[in-house]
Structure formats: C-alpha cells, structure tokens
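Order-wise, the sequence lines are chains H and F. Its first residue numbered 1, the first sequence is counted upward by one per residue in this note's numbering. Its first residue numbered 218, the second sequence is counted upward by one per residue in this note's numbering.
If you are wondering where the hints come from, they were derived from the structure by calculation, not from laboratory data. Predicted model, so just to flag it, every value in this text is computed and none were measured. Just so it is clear, CB atoms sit at the ideal spot from N, CA and C, and this is done for glycine as well. Certain hints may be false.
[Unchecked claim] Keeping only pairs whose Cα atoms sit at most 25 Å apart, straight-line, the calculated DSS-like set for lysine-lysine is: (1) H/Lys144 with F/Lys248; (2) H/Lys167 with H/Lys195; (3) H/Lys144 with H/Lys106; (4) H/Lys167 with H/Lys103; (5) F/Lys248 with F/Lys287; (6) H/Lys103 with F/Lys287.
[Claimed, not checked] Derived, one-sided and incomplete: chain H residues facing chain F with beta-carbon distance under 10 Å: (7) Gly40; (8) Gly80; (9) Leu102; (10) Glu105.
So you can see what is in the structure, the chains are spelled out below.
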Amino acid sequence: MKSFYRLATLTLMMMVLAASAFAQKQVPETALVNLTEGQGTIASSGNPSWDGLSELVLIPGASLMGASSSTTALYLGFTGGSEADIGNMVLYEVPRNGSTVLKVEKVTLGATQSPSIVLTDTSTCPVQPVSVTNPCIVRLDTVKLALSPLDDFYFAIYFTLDTNNEKISGAGQTGSQGALSGFSIYGDQTRVGVKGALPTNEDTDQPPFFLAYIAND
Amino acid sequence: MKTIFKFATLTLTLTIMMFAVSVSSFAAAAKAENLVRGIIGPVASNTSWSGYSTMALIPGAGLIPITSTKAVFYLGFTAGSEADINNMVLYTTARGSSTITASTPVTLGGISNPSIDLASATVCPVVEISDFNPCIVRLDPTTITLSALNDYYLVVYFTADDSNDTALGLTQPSFGQSSLRGSYVTGDESRLSVGGSIPNTPFSNQPYMLMYVMND
C-alpha cells in the first residue's frame, strides 16, 4: 500500500516538474520574431506605376535565422496612394538558388487573395496621410507554412490594372534591404503552377518595394 | 486500493506521454538551420581552377545564434565532369585577425582530397549542371563550434595541372547579400600552420563555391 503511495507521489512530482519545464519552453515561441532580416529603413523612390504589374520578392532559405515557427506573417509597406487593388497574392516555394516552382501557397488578407486595401482608412493606416515619414504597414493573414532553410521562397503580388494602382507606392528603394530582394514585371505572375518556372529577375538584388518584414506572427 | 492503482497508472501514462512530447520537441530542434546567411539568389559561373585555392571567409560577426557542435559546408559547382580536390581545411583566427589559431581538416567521404564525380546523378541529381542547375555538394560535418569571437576561412585547393579542374566551374554569386566573403589565390594555401597568416588578399566579394554553412 505504502509503495503505491510512494510511486504515485513520485510520478506526480515528476509530472509537475516536467510540466513546469515544458511550460517555460513554450514562452519564447509565442514572442514575435523575425524569420529573416527585413528592410531597415523606408524610402519611396523608384516606384513604377503599379497598375498591371507584379512584384516578386525573394525570401532566401539561406537567410533564415533559425526561429522555429509553423506560420509565416508577411508585412507590406505603403508610402503613398489611397487604395491598393490587389489581383492576387501567392507564396512560391523553389529549390535554393533555383526558379522551378515546387509548391504554391495562397496568401490572403481578410481571407481573400484579392483584397482592396484602403490606405486612407485610419483603421488600416492609423497615421494619415500615408507617406515616407508615415508609412502604412499592413500585416497579411498568417500563412500556415514553415519556411525551410533548404528552399527559397518568392512572394508574388499582382496589382490590378486600374487607376488606384497608378498612384500607390511601396517602401523601396531602401538602403538597408536586409536579406530581401525583389523585382517588378508586367502582367500577372501569380499564376505560375507547380513545375513552372518563375520569370527571370532582371533587376538583380534590388530591395523590394512592398514586402517589408517577415515574422512568425 | 483500486483508486490508487488507477491514479498511479494515469499519472504514469501522462508522464510517459509528456516525456515523448519533450523528446520529439528536442528532435525537432536538431533540424537543418543556417549558421550564417548563405548565398542568395541566382548564381553565375567561374571556370578553370586547376592550381588555385579558393578561400571563403565565414565571419564570426555574421553568425546566427544557433547552438551547434558541428558545421556543415555546402559547395556549388556549375560546370565540369569531375572536381579533383587536393586538400580542404578550415582555419580559425581571432576576429579581424589574419593569424591562424587553429586548423581543422574538412572532408568529404572521410577524406580531405576527394574527387567529386559531377557527372553522377547520385552526386548531382539534375544533369547537366549549369548556372541554372548548380550542383550543391554537402561536405562531411566538421566537428567545430563556430564562435562569434573568431573568424573562419574555408580553403579548398584544386590539384595543379589537372584537366578536370581546368574545365571546372564554380558558383559565382550574383547578389551581394550574404554574410560570406571570398577570394582566391594561386597555389596551395590549404597547408598553412597555426601561427601562420591568411594570405593578404581582399575578401571584398562573395565567395566562389561555398554556398551555405549549416548545422547539418
């Protein structure tokens, strides 16, 4: 009888200790951490007219900083315009330093891949008007994808061919681009399928215009 | 009595389950991670390496705080059918110093002078290798804990008067965002001793060949 009591008490103590240690381990995982180095400063020069253009941004697996996360949150930076009409957003997975699509993930805002972001709305952009000194950072819906250092990723966003998009501007060309680089290209480049090839980056390692940060949340 | 049995059994089961979860959590922590920011974006090619040493600087100041007792180097090839490596070594210096404080052999298949068959599909899955399909070769894990207080130089010497190495193409990064830097010199710089100096050559460019430094 006493042995059973001892066993039960000992096991219970072990469980409490284990639970305590486990709980301590969980705390840092809930903190907001960068998955890669994002853009440091905000600029606004060099923006083309974005109507009918796509931007592709390379998120290199070789730059991931080891934060363990099963989710990815992408943040867009706007420095001008009144409304951004997005035709589609996706996240492509390709081999490291490659361009053949392995996987395509949908990227959404408010659960839609084609949101219109009203930049004059203070609930979206609290400080008005939106400018280089008051950039509007928009957090997209969290993507349920763990970025792997063994692959590269391209965030692709297509801006609808309309007058609103003629006037919007993004956060590039910043002087401190972190690990990100991007390029713009005419037409909708968000519909490339698995095994398809992404368009060639002819702008080399220029900073992206819209994608500013990549975090776990 | 039965209640105690049930309680003990339940508690024991819970403990085992929690232990299993902890173990799987630790196992997940051992997945491949970058120790430093590697080569980013598309690559070009640079050929004819017979008799040259490539040197890649892995700066302590660029280390990502991942705890690892080993470093794994990945080399990129863009042309050729065989790479004849004469020797590979990792030098340690104090940060910013060129004086070698340690020299660690680097191997592939257990040897420091491997010949890499780039025409083999088991080595390079996508044949034929090119700028668009570089062949990335993972070297054996090197037992070393990279320290933020040191710098490291990976030196690979390609055999002299070797036709394979004359036709050999190494990756040449197009983007400049990696933490790695590199250079190359004529002759064998892979057999320097502790107390010797890293050759005085500018490490202002991205490295040839060294693509990634990871924990696995």
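Hint check:
Proposed proximity of H/Lys144 and F/Lys248 is supported: the alpha carbons are some 19 Å apart, at most 25 Å. With a C-alpha separation of about 35 Å, the suggested pairing of H/Lys167 with H/Lys195 is violated against the 25 Å cut-off. A distance of roughly 10 Å separates the Cα atoms of H/Lys144 and H/Lys106; the hinted pair therefore holds under the 25 Å criterion. Simply put, H/Lys167 and H/Lys103 have alpha-carbon atoms about 32 Å apart, too far for the 25 Å limit, and the pair is violated.
The suggested pairing of F/Lys248 with F/Lys287 holds, with an alpha-carbon distance near 13 Å, which does not exceed 25 Å. Distance check on the hinted pair: H/Lys103 and F/Lys287 sit about 31 Å apart at the alpha-carbon level, beyond 25 Å; violated. Because the smallest distance between the Cβ of H/Gly40 and any Cβ of chain F comes to about 13 Å, over 10 Å, the interface hint for this residue is violated. Hint status for H/Gly80 relative to chain F: violated, with the closest Cβ pair at about 26 Å, above 10 Å.
Using the Cβ-Cβ criterion of 10 Å, the hint placing H/Leu102 at the interface with chain F is not satisfied: the shortest such distance is roughly 13 Å. Nearest Cβ of chain F to the Cβ of H/Glu105: about 20 Å, over the 10 Å cut. The hint is violated.
Consistency with the previously given hints fails for numbers 2, 4, 6, 7, 8, 9, 10, ordered from lowest to highest.
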